[in-house]
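Engineer: So you can see what is in the structure, the chains are spelled out below.
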Amino acid sequence: MKITNMESTLYVFNQDRRMGDANSPAGRVKGSGCLVELHTNEGLTGIGLGGAGVRPQMQAMVEQLLVGQDPRRVQGLWKRMVDKHFKGGHDGLINDAISTLDMALWDLKAKANGEPLWKTLGGSKKKIHCYASDIGLPMSDADIEAWYRQMAEEYGFRHAKLKVGLDQDADLRRLEMMERVFKERTDAPMLYVDANEYWSPKQAIRKVSEMEERCSISWIEEPARRWDYLGLRRVKESVRTAVCAGENLDTLGDFLPYFQHRAADVIQVSYGMTGISCALQIADAAFGYELPITLGGSPGLIHAHLATVMPNFMTLEVPDPVVRDGIFTSDIEVVDGWVVVGDRLGLGLEINREALEQKRVDVIPAGSGPSPFGRRPGAGLYEVLPTQAERAEAAKGVLA
Amino acid sequence: MKITGYRIENYVMQMDRSIADANNPIGDDLMPASLLWIETDEGISGLAFGGGDIEQFFHLLEGEDPREVIGLWRKMVDYVHKGGLVASGGPIAAIDIALWDLKAKIAQEPLWQTFGALEGRTKAYASGIGYCLSDDELFAFYRRMAEHGIDGGKLKIGLDMTADLRRIGIMREALSVASDRPQLMVDVNEYWSPKQTVHCMHEIEKHYDITWVEEPARRWDYEGLASVSRRIKAAVATAENLRSIGEVYPLIHNEAVDIVNVSTATTGFTGCRQVANLCYAYELPVSMMNCQANYMAHLAAALPNHLAMEVVDPGREHCLHFDNTIEDGFIVLGDKPGLGIEVDEEALRQLQNHPPQRKSNFPFARREGAGLYVKEPEVGEVPWK
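So the sequence lines, in the order shown, correspond to chains L and X. Start counting the first sequence at 1; every next residue gets the next number (our numbering). Start counting the second sequence at 1; every next residue gets the next number (our numbering).
Isolated chain L (complex conformation):
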């Protein structure tokens, strides 16, 4: 089997709720993406999702490094792509490109075997621990509560994560609300909070300590800058709550200081870290340190495939139990509060071509997609409360 060519399609879709974090309290209502299709001479096509900003780089990599190659040799092709970008480094934009292509290669490898990816990776089908993730800092208390209740009642979630960071009183109030909702399902909900690097380490210590007086928190996510292993460790040693970090790192080497300095209690992994190939390497390295792994939100929950083989896997983030973009369907489901992988081939993603055609765009519009507004003023210094304009925007909720 040989790779022949790549196609990519940009698309925009409406979200079911207004999403945002401490860096974007006005939130966003449009999601966007880039579908990459890697074709082969045997009619199989691998799907990668990502790389909207690096389509030329992906095209060049496909032409120079992948065409004519057998996609089942994905680990070697991954190394080729990484080594090709030795001088400039394979982080940043190049990381987006490699991650997306590597995903498509793994999809092809599994499809070539006639297997779902979890089986190709060597995993067993079992229930995967997970939590509901609001990514809803712009949402009103009532809207978040309604969303959590829906997650608990329709899908059986017992654990959840709250975006925090700008307004401690609001965060404490919403934290207790989250606890109330999930205590109706279990005596011991795992409650996570996420500051998205908005705090300094000392701000994090003060705020988390106060939260700990109200309820038991399972982790505080990104309580310092991604590279600040000393700051992360300081927080880790100063609060009872576990420190969870790594989401914005790109490469295996980026994690070395985390391991060596024991900067975090829980390591975040995603296929956006130089691909599925590298995500598996990070998990193995973390296993050597007995560090739990959490996998972040992923299209169609495809991270569940990886969860089946990561030896120290802890829990999977679920921002959406079903795919809301109207373009893809996935057979990975949340059943009674657990994620269950399916039996479709490869990643298990199927494309609705008609919907894709309706939603395709030539350029991703500003204000859609994750973190479209950059880092918020005041980050690491002092909290800048949402402005009048931001509150007004957030109050619009989701417009039809």
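Simulated from the structure, these hints should not be mistaken for lab results. The structure displayed is predicted, hence computed values, not measured ones. It is possible that part of the hints are untrue.
[To be verified] Calculated lysine-lysine pairs in the BS3-like style (CA-CA distance at most 27 Å, straight line):
1. Lys336(X) to Lys2(L)
2. Lys2(X) to Lys127(L)
3. Lys126(L) to Lys206(X)
4. Lys127(L) to Lys82(X)
5. Lys75(X) to Lys125(L)
6. Lys127(L) to Lys75(X)
7. Lys126(L) to Lys82(X)
8. Lys206(X) to Lys233(X)
9. Lys125(L) to Lys2(X)
10. Lys82(X) to Lys125(L)
[Said to hold, decoys possible] If you anchor each label on the Cβ, the simulated ranges turn out as follows:
11. Thr4(L) to Gln352(X): 49 to 55 Å
12. Lys84(L) to Pro355(X): 51 to 57 Å
13. Glu137(X) to Lys127(L): 39 to 45 Å
Note that CB positions come from ideal geometry on N, CA and C, so glycine has one too.
Fit chain X to the supplied structure of chain L, relying on the hints for placement.
Structural biologist: Here is chain X on its own, set in the frame of chain L:
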């Protein structure tokens, strides 16, 4: 596809020559061996080198899909949680190897491709494990390897500095047809204390540029290994006697190791790859240990940080057919499904029906004086003295 049964065959390998190290410089040419087959309902079976008490794990495997090898690995490792892996690592490793062979055979591809390697090849180095070899035999071994393009060699040392220095020179001379500056490695198999190593390596490094010294302190002594690494120019290679990733991690965390020896000893292919990935995070190269028919080259070919694999070739394949060769200094794997190894059942039966009349000395006991003083070989113990 479901696992339905297994078969173990035990036999004694009569090798073409003896192998020996500092702990047993006489060595032995007999080695106990086991072959394991894991059988399925579709007639395909997976082969592994190793055995032991498979029965204690079989209830975890029966009826399961062998392609779910990592899930099954996890079941086995969790099953022996209380007792740990030291006692049970052997059978788990053997089962894991057989499951990976099966997984590749089901996908109808060589195992190196299942692991995702771009090519079925990995760099080799020559390892005589030949403390029992005369100077001439030593030369012949490394020259034969060099004629296959192998440009690195490892020598067993530790008992006699004069002879060791001379024999490093013989190895270098023999390898010189493959490279003007062959990679020279030495291996003391935990016979020296850290300070003995520093002392001896200081002497050796006056004469030779040594790439690594292997097991220059006890396997668990991360402070001793680290102190050796800081005091000599050569890299410290170690870890072959460790049994899990958890045992490897203190060495890495404490900068006690420069090159990590990896093998199936850390619970098979699955555990070996985990260790290699941990090493990769620390930019540490790994070197695959030798094995029958070089089957571990399948994984080595896929590891991004694999340096070179140990090739001993003492003649351990008398009942095996395999499809890999050594070309231009690389182990080149074939395209047959799985490990690419088949057992010659008739030859195996012959070996089982005509067992050697004495007991093998493997695994070698630790030699007197280890870590304390050097007990030199007695007259007649080795042919080079």
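Engineer: Are Lys125(L) and Lys2(X) close enough, with their CA atoms no more than 27 Å apart?
Structural biologist: Satisfied, since the Cα-Cα distance of roughly 15 Å is no more than 27 Å.
Engineer: Is 51 to 57 Å a correct range for the gap between the Cβ atoms of Lys84(L) and Pro355(X)?
Structural biologist: At 55 Å between Cβs, range holds.
Engineer: Holds or violated: Lys127(L) with Lys82(X), Cα cutoff 27 Å?
Structural biologist: holds (24 Å)
Engineer: Lys75(X) and Lys125(L): Cα distance at most 27 Å?
Structural biologist: Answer holds: Lys75(X) to Lys125(L) is near 13 Å, not above 27 Å.
Engineer: So if I understand the rule, the pair passes when the alpha-carbon distance is 27 Å or less; does Lys126(L) with Lys206(X) pass?
Structural biologist: Status violated; Cα separation ~59 Å.
Engineer: Take the C-alpha atoms of Lys336(X) and Lys2(L), compute the straight-line distance between them, and say whether it is at most 27 Å.
Structural biologist: holds (19 Å)
Engineer: Does the structure keep Lys126(L) and Lys82(X) at a Cα separation of 27 Å or less?
Structural biologist: holds (23 Å)
Engineer: Straight-line Cα separation of Lys2(X) and Lys127(L) no greater than 27 Å?
Structural biologist: Within the cut-off at roughly 21 Å; holds.
Engineer: For Glu137(X) and Lys127(L), compare the CB-CB distance with the range 39 to 45 Å and indicate the outcome.
Structural biologist: violated (59 Å)
Engineer: Within a Cα-Cα threshold of 27 Å, do Lys127(L) and Lys75(X) meet the stated pairing?
Structural biologist: With a Cα-Cα distance of about 14 Å, the restraint between Lys127(L) and Lys75(X) holds, given a limit of 27 Å.
Engineer: Hint check: Lys206(X) vs Lys233(X), CA-CA at most 27 Å. Holds or violated?
Structural biologist: holds (11 Å)
Engineer: If I claimed the Cβ atoms of Thr4(L) and Gln352(X) lie 49 to 55 Å apart, would that claim hold in this structure?
Structural biologist: 52 Å Cβ-Cβ, so the 49 to 55 Å window holds.
Checked against the numbered hints above, the structure breaks hints 3, 13 and satisfies the rest.
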